[in-house]
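There are 2 protein chains.
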Amino acid sequence: MEHAYDEWSIQAYLDKLASADPEPGGGSVAALVGSLGAGLVTMVTALTLGKEKFAAVQDDVAEIRHEAEKLRGELTGFITADAEAYGQVAAALKLPRDNDAQKRERNRVMQAALKGAAEVPLKVAEAAVAVARLSLPAAEKGNPNAVSDAGVAALLADAAAQSAALNVKINLAWIEDEAFKKDAWTRVEAALSETARLRDVVLALTYSKI
Amino acid sequence: MEHAYDEWSIQAYLDKLASADPEPGGGSVAALVGSLGAGLVTMVTALTLGKEKFAAVQDDVAEIRHEAEKLRGELTGFITADAEAYGQVAAALKLPRDNDAQKRERNRVMQAALKGAAEVPLKVAEAAVAVARLSLPAAEKGNPNAVSDAGVAALLADAAAQSAALNVKINLAWIEDEAFKKDAWTRVEAALSETARLRDVVLALTYSKI
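For the record, the sequence lines run as chains D and A.
Per numbering that gives the first Met the number 0, the first sequence runs over residues 0 to 209.
Per numbering that gives the first Met the number 0, the second sequence runs over residues 0 to 209.
Derived from the structure by calculation, the hints contain no laboratory data.
Be careful, since some hints might not be right.
[To be verified] Derived DSSO-like pairs: lysine-lysine, alpha-carbon spacing no greater than 30 angstroms straight-line:
id, chain 1, residue 1, chain 2, residue 2
1, A, 181, D, 122
2, A, 52, D, 69
3, D, 140, A, 52
4, D, 15, A, 52
5, D, 208, A, 208
6, D, 114, A, 181
7, A, 181, D, 93
8, A, 140, D, 93
9, A, 52, D, 208
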C-alpha cells in the first residue's frame, strides 16, 4: 500500500475498512483497538507525572508510561502488518497450479503465508495482554480523575485480544502443521483468559472509584 | 479544535490521546471503536452484495448495509462531539465564582455542560447496541469468508458500549438532577445487557463457522 495505515486519516481508514477490499479487516482493527488502549494508559500517566499530589508513585508511573509507549508503537505497526500479511496469502492464492510441481510450490508458499497471517494477530493478542496488565496499576496509582480512561484501556485490551483470536483461528483452519496450530492456539487461550480476568478486575476497581 | 478528529491521521489522534491533554479521552475512543464495528458490518455486506451465491439474501443484506452506514456516520461524528462536550465542562470550570450570583450562574452552566457531556456517551452506547444487533444477521446471512469480521463487530460494539458507560457514569457523578441521572443510568444498563448478550451469541456463531 502507498502509506502505512497509521498515516491515513481515521475517515479514510474507516472507508477502506467498510469497502469490499478484504484488507484492512478485523485483524488490523484489533491492532488499532489495542493501540488505543495503550494510548489511554499513557494518557493516565501523562495526567499523573510531575504532580506533587502523586509524588509517591512517580517512579512506578514513569515505568508504566515507558512500557505503554513501547506497546503502542508495536501495536500501531501491526495495523499495517496485518493487512500486509493478508496480502501474502492473497498473492499465494494467485500462483499457478497447472501441474504437480506447481501445486506443491503453491502449497509451500501458501502454508508459509498463512503462518505469517496467523502470527500477526497472535502478537496483537500478546501485546494486548501487556496493555491489560498495565491498565491495572494505571487504575490503582494514576490520577483518579483519569481512572475511567484506565478502565477503557482494560476493556479495549480485552476486545483487541478477542478480535485478534478470531483472526488467528481463521488462519489456523488452513494450516497443515499441527504442532504450529496447537502452540498458536495454546498461546491465544492463555492471552484471552488473562485479558478477561484483568478486564473484570480493572472495571470493578474503576467503578469503585467513580 | 482545528478539524474534526475523523480528518486527523490515526497516528496524530493516538498521539493526542496519549498526551496530558484531557481530550480526546475514553468517550471519544468509545465512539471510534463503535465506528470500527459499524465499518466491519458494512465490509461483510460489501463482500456479500452482488454475488450470485448469496442471491437469496440480497435484500436483507442491503438493508443491513444501509443501517450500518447510518450508524457509522453517527458514531464517527461522536468522536469529535465527545471531545467538544468535554470542552464545555472545562469552560464552565473556568467561570468566576467571586459572589453568590456568579456561583449560581457557574453552577447552572456547569450542570448543563455535564448533561451534554453525559448525553454523548449515552448516544454512543445506544448506537453501539444497534451495531451489535446488525452484527448478528451479518454473521448469519453474510459471506461466510467474512464471518470473523462480523464477530469482531460484535466484540467492538460491546467494548464501545462498556467504554461509553464509564464516561456516562463519570459525568453523572456531578449532576444534581436525580431524574436525569436515574433515566440515563437505566438506559446505560439496558444497552450494556443487550450488547453483552449479542456479543456472546455472535461470538458463538462465529466460532462455529470458522
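Results for each hint:
no.	hint	verdict
1	181(A) / 122(D)	violated (42 angstroms)
2	52(A) / 69(D)	violated (45 angstroms)
3	140(D) / 52(A)	violated (55 angstroms)
4	15(D) / 52(A)	holds (24 angstroms)
5	208(D) / 208(A)	violated (41 angstroms)
6	114(D) / 181(A)	violated (51 angstroms)
7	181(A) / 93(D)	violated (58 angstroms)
8	140(A) / 93(D)	holds (27 angstroms)
9	52(A) / 208(D)	violated (53 angstroms)
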